[in-house]
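Convert by adding 23 to the 1-based position in the sequence shown; the result is the number in the numbering used here.
No lab work stands behind these hints: they were computed from the structure. Source: prediction; values computed, not measured. Among the hints, a few may not be true.
[Said to hold, decoys possible] Below are the DSS-like pairs computed for lysine-lysine, each with C-alpha atoms no more than 25 Å apart in a straight line:
hint: 1; residue 1: LYS322; residue 2: LYS108
hint: 2; residue 1: LYS33; residue 2: LYS63
hint: 3; residue 1: LYS108; residue 2: LYS33
hint: 4; residue 1: LYS236; residue 2: LYS144
hint: 5; residue 1: LYS63; residue 2: LYS31
hint: 6; residue 1: LYS33; residue 2: LYS200
hint: 7; residue 1: LYS108; residue 2: LYS236
hint: 8; residue 1: LYS87; residue 2: LYS236
hint: 9; residue 1: LYS322; residue 2: LYS87
hint: 10; residue 1: LYS108; residue 2: LYS63
hint: 11; residue 1: LYS108; residue 2: LYS31
hint: 12; residue 1: LYS87; residue 2: LYS63
hint: 13; residue 1: LYS236; residue 2: LYS63
hint: 14; residue 1: LYS200; residue 2: LYS87
hint: 15; residue 1: LYS144; residue 2: LYS87
[Claimed, not checked] Label pairs and their computed distance ranges (CB to CB):
hint: 16; residue 1: THR252; residue 2: GLU115; range: 17 to 23 Å
hint: 17; residue 1: THR252; residue 2: ALA320; range: 34 to 40 Å
hint: 18; residue 1: LEU184; residue 2: ASP291; range: 23 to 29 Å
hint: 19; residue 1: ARG129; residue 2: GLN249; range: 44 to 50 Å
hint: 20; residue 1: ARG129; residue 2: ALA320; range: 35 to 41 Å
hint: 21; residue 1: ALA290; residue 2: SER199; range: 33 to 39 Å
hint: 22; residue 1: ARG323; residue 2: ALA134; range: 45 to 51 Å
hint: 23; residue 1: GLY317; residue 2: ARG129; range: 53 to 59 Å
hint: 24; residue 1: LEU318; residue 2: GLU115; range: 51 to 57 Å
hint: 25; residue 1: THR239; residue 2: ALA213; range: 47 to 53 Å
Note that beta-carbon positions come from the ideal geometry of N, C-alpha and C, so glycine has one too.
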Amino acid sequence: MSKPRRLKRKVNGILLFDKPIGYSSNQALQFSRFRYQSEKAGHTGSLDPLATGLLPICFGHATKVSGFLLDSDKRYIATAKIGEKTNTGDGEGQVVARSDASTLTRDALVAALPAFTGPIKQIPPMHSAIRLDGQRLYELARQGLEIEREARDVMIYSLELLDFSEGQVVLDVRCSKGTYIRTLLEDIAAAVGQVTHLVGLRRYEVAPFLSPKMVTVEEVEEASIQGYTALEALLTPLAQAFSHWPNVRVDAGRAFYLRSGQPVRVADAPNQGQLAVLNEAGEMLCIAEIDADGLVAPKRWLSDEAETA
24 MSKPRRLKRK
34 VNGILLFDKP
44 IGYSSNQALQ
54 FSRFRYQSEK
64 AGHTGSLDPL
74 ATGLLPICFG
84 HATKVSGFLL
94 DSDKRYIATA
104 KIGEKTNTGD
114 GEGQVVARSD
124 ASTLTRDALV
134 AALPAFTGPI
144 KQIPPMHSAI
154 RLDGQRLYEL
164 ARQGLEIERE
174 ARDVMIYSLE
184 LLDFSEGQVV
194 LDVRCSKGTY
204 IRTLLEDIAA
214 AVGQVTHLVG
224 LRRYEVAPFL
234 SPKMVTVEEV
244 EEASIQGYTA
254 LEALLTPLAQ
264 AFSHWPNVRV
274 DAGRAFYLRS
284 GQPVRVADAP
294 NQGQLAVLNE
304 AGEMLCIAEI
314 DADGLVAPKR
324 WLSDEAETA
């Protein structure tokens, strides 16, 4: 006789998960979803198995807005080994080129960084998840194929050299979505006559979550032993994902009309644009925008709040 399936729960919120090394992003998602037994779950942008750090995992209504986090800016601490280039751009690949790391000075490296700050173009690496004619680039790379790729525009907000010693470089990188840190490091190295590959990468920020308290595997495991109340205490409320947006709070009556799809007038609403609508307790209700009549018009409902006024 087969075992009964465990019931799935309605869970809403964001787990600011500290992905450990060795976990794929999907493994991190499935681990979290299983512990929470959530009906709906999704992550907001992949981290390679060799990378660690912030991987926001969205549950319930938060999955409807995960795209906002996918498109947001990121911050990484990256460690590179100077003097060896690999075919994958990281420590898992085979060495394909070498350079004399002893000739590189700290001053030369610092002088090269401004050229890679601001808007730059990157050619995505072959070992990436970009699709070309239905195939991932990394699948083609494993077949020994090298395909021409178009350069992409990315933004590097800041580059700070944290350490330069024993043939290793540690950089603090603040960047836009779609930035390939491996490629950035290789391009910087090439500018100073060197080759390099990534040996460590940790993500610290996914806007608007700036240097947040991350939740570890061990903390999730411990909370799962204590029960669902302890697990849900680890979640970040959905409203915090929109803390940088204009917002208004509405009473139960206005919430009822918004839930029904009807625009409402709110005294302190902005004049235009998108905004977050919260209830009187500060909990997320919906994403809205100001319509032509100056009313708050609901666009996406994000709450289980009752439909009765």
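Hints and how they fare:
no.: 1; hint: LYS322 to LYS108; result: violated (48 Å)
no.: 2; hint: LYS33 to LYS63; result: holds (8 Å)
no.: 3; hint: LYS108 to LYS33; result: violated (47 Å)
no.: 4; hint: LYS236 to LYS144; result: violated (32 Å)
no.: 5; hint: LYS63 to LYS31; result: holds (9 Å)
no.: 6; hint: LYS33 to LYS200; result: violated (30 Å)
no.: 7; hint: LYS108 to LYS236; result: violated (34 Å)
no.: 8; hint: LYS87 to LYS236; result: holds (23 Å)
no.: 9; hint: LYS322 to LYS87; result: holds (12 Å)
no.: 10; hint: LYS108 to LYS63; result: violated (41 Å)
no.: 11; hint: LYS108 to LYS31; result: violated (47 Å)
no.: 12; hint: LYS87 to LYS63; result: holds (10 Å)
no.: 13; hint: LYS236 to LYS63; result: holds (23 Å)
no.: 14; hint: LYS200 to LYS87; result: holds (19 Å)
no.: 15; hint: LYS144 to LYS87; result: violated (31 Å)
no.: 16; hint: THR252 to GLU115: 17 to 23 Å; result: violated (40 Å)
no.: 17; hint: THR252 to ALA320: 34 to 40 Å; result: holds (36 Å)
no.: 18; hint: LEU184 to ASP291: 23 to 29 Å; result: violated (45 Å)
no.: 19; hint: ARG129 to GLN249: 44 to 50 Å; result: holds (49 Å)
no.: 20; hint: ARG129 to ALA320: 35 to 41 Å; result: violated (55 Å)
no.: 21; hint: ALA290 to SER199: 33 to 39 Å; result: holds (36 Å)
no.: 22; hint: ARG323 to ALA134: 45 to 51 Å; result: holds (47 Å)
no.: 23; hint: GLY317 to ARG129: 53 to 59 Å; result: holds (57 Å)
no.: 24; hint: LEU318 to GLU115: 51 to 57 Å; result: holds (54 Å)
no.: 25; hint: THR239 to ALA213: 47 to 53 Å; result: violated (37 Å)
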